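J.: Below are the chains, spelled out letter by letter.
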Amino acid sequence: MEKEILEHGLNTNRRKFLSKLGIGIGSAALGSLLMPDLFGSKEEAIMTGLPHFAPKAKRVIYLFQNGAPSQLDLFDYKPKLNEMFGQELPASIRMGQRLTGMTSGQASYPLAGSVFKFSQHGEHGTWLSELLPYTSKIANDICVIKTMHTEAINHDPALTFFQTGAQVGNRPSFGSWLSYGLGSENKNLPAFCVLLSQGKGNGQGVYSKLWTNGFLDATHQGVQFSSGENPVLYLNNPDAIDKADRRKMLDQVAALNNESYNTFGDPEIQAKIQQYEMAFRMQTAVPEVTDLRNEPKDVIKMYGPDCLIPGTYAANCLLARKLSENGVRFVQLYHQGWDGHGNLPGEIRGQCKDTDQASAALITDLKQRGLLDETLVIWGGEFGRTNFCQGPLTREMYGRDHHPRCFSIWMAGGGIKPGVYGETDEFGYNITENPVHVNDFHATALHLLGLDHEKLTYKHLGRRYRLTDVAGKVVKGILA
Amino acid sequence: MKNVVYNITLGINSLLVFLVLFSESLLIPSWLQVVGRMHPLLLHFPIVLLVIAAVWELFLPKKIATKEESLKTEIGDYLLLSAAITAALSALMGLFLSQEEGYNAEAIAWHKWTGVVVSTAAFGWFTFKKTIRASLLLSRLVSGASLAAIILAGHQGANITHGEDFLTAPLQSKNEEAKVPLEDAVVFTDLVKPILEKKCINCHNSQKSKGELLMETPEQLLKGGKHGKLWNADSADLGLLVHRIHLPMDAKEHMPPAGKPQLTSDEIAILRYWIKSGADFKQKVNELAGSDPLKILAESLLKTSEVETYTFKAANEGTIKKLNTNYRVIAPLALGSPALSVDFFGASQFDNTQLKALQDINTQIVQLNLNKMPVKDEDLKTIAGFENLRKLNLSFTQITGRTLNELKNLKFLHTLSLSGTKLKNADLAALKDWPALKALKLWNVSLAKKDIMALKSVLSRTDIETGFDGDTVIAQLSMPILVNDDMQVFQEDTKIKLKHYVNGAVIRYTLDGTAPDSLTSPIYTEEGILINKTAVLNAKVYLDGWISSDTLTQQFYRAGFRADSIRLAQQPHPQYSGKGKMLFDGKLGDKNFKSGKWLGFKETFFEGYAYFNQPIRVSKVTFSALIDIGSYIMPPTELQVWGGSSASDLVLLKTLNPQQPDKISPMNLQGFECSFNPKQVRVLKLVGKSVQKLPTWHPGKGDKGWFFVDEVFVN
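Those protein sequences? They're chains A and B, same order as listed. For the first sequence, the positions run 1 to 480 when the working numbering is used. For the second sequence, the positions run 1 to 715 when the working numbering is used.
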């Protein structure tokens, strides 16, 4: 409590007073400088909760494949690796790439071609492996980016980089930036929802720091849904309390909270009041959205019958569609189990079985409802996997270590031009054309949502922060 | 002193005028180039001095009477003289510099002459200062004229260094100039030529043809320069032009020269691909193949922005604010856009007066989302009043299509979603002749396939999306789910509870280890399945029109005697060293070998002693083990059960050699039963031997395998 009182004191100390006074005088004097249209230039206000320009997409569904799926077994077809099976990775290709502690001690780095068959699909001739029969059917709707790259080489920093634009934690998450930049579409649901599921493959953790609001207002934090029967817990009123009682109770609590806010001026109190209000509206909105029982048979067949089992990836995809359809700005899924260091072929079969059908179904479902053109769907992990084998190598059994220099993701929906973007060398190790950095990826996604990534800023600790920090450029080649 | 400086200035000015007149044939030695390059340094002095002098002159007294007045005039003299000499020096240096390569000839010519004018004028001013000072008017005129001259010369110089529009760039609107529509674009005129104009022509034009190369017309380009033709599509480096561009920056022949704006990678790519494809001056972009890199580059460069501009006025902000509720969200498409998008949420909150209330903004609504709202046929009349509507979502509303023709008044409507509605075929006629409609969503509608096919033929310009058709797909049901999954080991009679989520599906099961079938096996009911002894459950889900599920197999153990204490003679692997007590805790290990609920043995065998305070009569010991072949976890090669009244008098009761697998199979839990003649014991010794050499078919052939055990049942 003392800390809060101290902080409140600091809110109105001499320095603050003087600086506010300074601003008052200064702004009178410099008013003309701030008048935007005085000399014909059009500087837009930085923050208004509206897109900076007409957006292509209004919402995002991010299907994060946590643990890093092997691009070489799914998207990036490299027959050369099969030809050179077991031969050493040439030093001219590796070019001193640092390795993880898991393979740095390995005496040799034998190339491992994929055991899976590849074929071309759709009008863009997209190469996809036999593990993705359902994704193959939506090849005309997706853009496979084969040239993503990152600096991080271990899961947590890489994942944090993708989610927050920085490798160290506690920066606001992608979804939080969007919630901050565009506001909530449906005021009865959180703007940023998080759904978790676990595959059977080797898994890596996800932590709430990935959907943190960081230094942004607490209302922008991602809301994690439970993977049980009730996605949002404790939503029902207890016995003997009806809606009117609840309303009355909340009004009283809000009055007390407001009083407390007037005393301390802590913005967290305001956030709290808003959260109570939203929870009240969620009491009716959430059951309407999350009830999967009345989904038609077609939908069950499309996503696969697992979509009715709470906590599965398929169920989360279906729920993601329902949330997005109801105006949730950002639905973040995480599916664990892609970290194939040892038994990669075995594990990736299971992972694909769990994810392929539902991911493709989500695209089809959005499309047939007329929602795909206003929703941006992203599928991908935090980095790629090596073209050489970790551990013992046979044609059928191999492992792959982490590889940050190139990996594949796909995007679909609002403003995305379907096809294939970028090219890697014949070893699938380096990028030869059109690299896309994580910062570029963020800049592009924000662009599709009508936001200029250089203008979506928040001032904290004396500097302005962006999701893309000081880098990133929009990848024009994937825009429709 | 004054005289010396004056004479030097006179000398420099004479030299200057002479050199300017004959500058065509001027050759600058390299040491003079250094002097010339100091022009940008020195030029600031004459500017400042001349400005000060010009102002100073205005305030000079007419007549010199006092000492102070004479001093003022003296200072004026010095100011003028120093302005004159620095101006002359600057101009001379500038002249040297102008002989170097790479400047815009026209701009240089102008700057050269204004420079000479400033220099000679300053000198003249000093020479005739007395006459000028005598007349106020003349004094003012000369001051003003020299100010104007120095500003003009300085500005021209700055333009040469910083670029044409450096000074005024921030004022110019950032809107890019109008682009050629992609379908009319010509590769050379719209892609190649702009690059040449921006990055090459400054040095290769009719006034300044460096390397005897002109690049203004196709003919000139084809002719090439001093070093020959510009391109050769057959050579590996595509000829001179591309070769020069790709030379390293520090190479003398690199183009554009160091210090000049360089080509971007896109620009290089355009030049390269254009030359490679034969350098056709007439090739049109839309005649190129879709995968042609030139076409892709052209598309990204020439793409006209598809952002629609709306001509109607924005709605009153107050009105928008008033109409916004938690269930009816109205927002501009973007900052400053008059167009509004309206979304309705929460079907239970909807009634059609909320739609009618949008009258006040009926011109501004361009997107309307009524997905899942109980909208009725008569409401389409209201919607038809939103004259600028582009996109309308009526999926899963209650419309029947009777009033669809109302929507035809919406002349801008291009996307219409009618999925999940109960449309009637007869009403589809209304959709005919609707050229503006680009996309129509008709998934899950109550229409026959042939009707939709017929519609597709009359609406040929509309993309009709019919989505996923579940009738053509036979899917497999998922396995039943065990609700009470902590009951695999039970003490008393217990009920197994199962669950399945697909409506109408039935679960059939067996308890005797046989596979369930769809006809005779008992059907699972809400009651659950009562079991009273160790049993294995096999259950499957069935539903007409679906493929039956895989079989759920689960072992249930009736708990037996629990050991009072346990001692492990050999320690398990430290990573999988669940406590020895776990063997008798009444809980099976789970399907994750890392969960800490397992004892894992590889380097050592499993060898444990179980002590019972009271003698027990034993006839069966069951080992529950994890089999995960992909993770090198195999069935044990041998299990032994020893028994006796103390650890020193044990006899072997049973040896079991489980069958080894011959291929990789999914992970599962397996019980290994060792039955023997009943015996009274107080101590049991249990031994489990792991695989010493993995078989040849296994990826880790030759390595040691693992034995994972949790829970031992003594009955």
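Quick caveat, the hints were computed from the structure, so don't treat them as lab data. In this text, all values refer to a predicted model and were calculated from it rather than measured experimentally. One should not assume that every hint holds.
[What the hints assert, rightly or not] Under 7 Å between C-beta atoms, here's a sample of chain A residues computed to sit facing chain B:
1. 105
2. 107
3. 187
4. 393
5. 397
For glycine and all other residues, C-beta sits at the position ideal for the given N, C-alpha and C.
J.: For the hint on residue 393 of chain A, just tell me whether its beta-carbon gets within less than 7 Å of chain B.
T.: violated, 9 Å
J.: Does residue 397 of chain A hold up as a contact with chain B if the rule is Cβ-Cβ below 7 Å?
T.: With a closest approach of 4 Å, the residue 397 of chain A hint holds.
J.: Would the hint on residue 187 of chain A stand, with a C-beta cut-off of 7 Å toward chain B?
T.: Holds, because the Cβ-Cβ distance from residue 187 of chain A to chain B comes to roughly 5 Å (cut-off 7 Å).
J.: Would you check whether residue 105 of chain A satisfies its interface hint, that is, whether its CB is within less than 7 Å of any CB in chain B?
T.: violated, 18 Å
J.: Interface hint check: residue 107 of chain A, Cβ to nearest Cβ on chain B, cutoff 7 Å. Holds or violated?
T.: violated, 17 Å
Hint compliance for this structure: hints 1, 2, 4 are not met, and every other hint is.
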